[in-house]
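Enquirer: Protein chains in written order, with this note's numbering: chain W, 1 to 273; chain R, 274 to 637.
Think of the hints as simulated: they come from the structure by calculation, not from any bench.
Owing to the predicted nature of the structure, the values given are computational and were not obtained by experimental measurement.
You may find that some hints are simply not true.
What the simulated footprint calls covered on chain R by chain W, stretch by stretch (three residues with Cβ under 8 Å from a Cβ of chain W suffice, anywhere in the stretch; the number is not a length) [unchecked claim]:
id : segment
1  : 442 to 455
2  : 536 to 544
Using C-beta positions, here's what the derived DEER-type ranges look like [stated by the list, open to error]:
id : chain 1 : residue 1 : chain 2 : residue 2 : range
3  : R       : S314      : W       : L8        : 46 to 54 Å
4  : R       : A443      : W       : L8        : 37 to 45 Å
5  : R       : Q296      : W       : R103      : 55 to 63 Å
6  : W       : R176      : R       : E301      : 50 to 58 Å
Built from N, CA and C at the ideal position, the CB exists for glycine as well.
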Amino acid sequence: MRRRSWILTTVAALLFLFIYLPLLVVVLYGFNGGSNLSWPPQGFSLRWFRLIFGEEAFRSGLRVSATAALATAVIAVVIGTAAAFAIARRSNRLTRWFESGSRLPVMLPPLFIGIALVAAMKTFAIDPSMLTIIAGHVIITTPFVILIVVSRLRNYDMTVEQAARDLGATPRMVLRRITLPLIAPAIFGATVIAFAVSFDEVLITNFTSGTTQTLPLFVLSRLHRTIDPSVNAVATILLLVPWVVVGLALLWQRRGSRRGAADAPAETLARAA
Amino acid sequence: MTATGAVAIRDVTKSYGRAAALQRVDLEIPAGSFFSLLGPSGCGKTTLLKIIAGLELPDTGVILADGVDITARPPERRPFNMVFQHYALFPHMTVADNVGFGLTTASRRDRPSDEERASRIAEMLQLVGLSELGARYPSELSGGQAQRVAVARALINRPSVLLLDEPLSALDRNVRFALREELLRIHQELGTTFVFVTHDQDEALSISQLVGVMNEGALEQVADPQTIYRSPGTLFTARFVGAGSFFEGTVRSVQGDRAELEVAGRLFSATDAGVAEGGRTQVLLRPEELEVAPSEGGSLRGTVETCSFFGSYFELLTQTPVGPCRLRVREPVAPGTEIGIGWPDRAGIAYPAEDSRAGVDLRS
């Protein structure tokens, strides 16, 4: 027994190292004082961050990615929440079909979606722009929103809405004062996930962006030319932005769970992160 | 208190798909009464309550509140409020906000001021004995406390009728008993009509002034608890309410409300509940009406199978030639003992025997 648990611990530890060591190395070199990638890093400095932030291409990439991620999150959450209500509240053949259909983009290879979008843009003579980037991101993030919000709507006690109606609330009041506050954590979690997915999406963006460069695309193009330590700084930023956003969201939900807000979306969040 | 809160249900039918939930239900609930709808699960009692509340629409029939037709009114425009089985408190609001919710839903002009709202909330919390807990959230309450909050929340708009959907069935036994008495006290204090749905016959009998027994979407009997227990109108009510033994026999003759019966070769008379001369009958005898008679006498002979202790009495389950028989005694009797079972003349109630469906559990 003891022997087996010892082996399990070792395997788990190795796996953990395998997953997180590269991340750690990248972050370490992001703060490296020296100018080459030799071990060990030579002192702590922010010079690569300064260098990177001094570049217009990086700043514009960050701006583009942040804008696209924000817009994607908002659009996907509005569409996805509306769809989730239809799916969770009306069960007929159409909504069941729609529910499975809405999961499809998650299972399709992004490359396929990218090629399809290029074909569609050619057909309808749409030029690549920020709008087409956002459209591509909305396609792949909306299914996550639907999944999260539907599961929240399904496992909550509908009688609280009946109780509110019974106490004189109109259907609109019920939505505003009961339903939305109760599913708010799920909607918030869905927003965060949509933001995080959009922020570092690169495959589909590659097809829809044209000359606009998002942050991940900037990193790729830079890697083509040179490998210098500044890439580590950019990678660190790409890693930390979604993590910080998700971490803040988790904290916010911990605080909210005292009031009986569901833990389900928090779990979904933690898994997605 | 003026006498408002009378509810009348006229010829109400409701079905879900092909399954009939209610079949032509007619019911008068007097103003200010504590009325229970009693029945097994699936008998339609909750459906009827939801139709009264306006949460479901009947297929046919009308609902009258103090003589006014309210069938088409949505729930928020009915002078009724509801207490749900699983409390249905708003988890994101404090106890005080839950209780005060009903005062915030009227149009802005008709809404009470903040001071009035605060004082009404305090009044309601005091009524249910939770004055200290206004700042808590529902997740921090016990089941009993949560249901008290639900009662306070439902009463704050001073409804003429309070509808209670199995409000005690999710609670522990002790809490259930305490809350039962509390509901009775609140009912006496306010004079509001209470319509109380339950599947627990003890509960229905102990707190109601009137009980409506439901079975398969129809009302079997509406009467006060004593009548329901002492003279159940139908075999279903007799079986569902209270413990009892049912003996199968033959009807010799019927005179007025008396029927002369033959059970296991013995002749005796019982109250007639619709039997026909020469027909088969099932006779109800309550355990407290039966007594152990000297083994030579008595009307039946039985062998004691089990003897259970209930504090103030022992209950014997005996096997007799006409089926199992329960009786209550003061002293324990050892299983295996053969005893005589006797009962006063006219104590039994004779029902027409049901077909095989009901007979199975007796003969087996």
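Enquirer: Work down the list of hints and note, for each, if the structure agrees.
Expert: Hints, verified against the model:
Chain W is given as covering the segment 442 to 455 of chain R, and this is violated because 0 residues of the stretch bring a CB closer than 8 Å to a CB of that chain, at least three being needed. Evaluation of the coverage hint for the segment 536 to 544 of chain R: breached, as 0 residues show C-beta separations to chain W shorter than 8 Å, against a requirement of three. Between S314 (chain R) and L8 (chain W) the CB atoms are about 48 Å apart, so this pair conforms to the stated range of 46 to 54 Å. A hinted range of 37 to 45 Å for the beta carbons of A443 (chain R) and L8 (chain W) is consistent with their spacing of about 42 Å.
Evaluation of the 55 to 63 Å hint for Q296 (chain R) and R103 (chain W) yields a failure: the beta carbon distance comes to about 43 Å. A beta carbon spacing of about 39 Å between R176 (chain W) and E301 (chain R) contradicts the range 50 to 58 Å that was offered as a hint.
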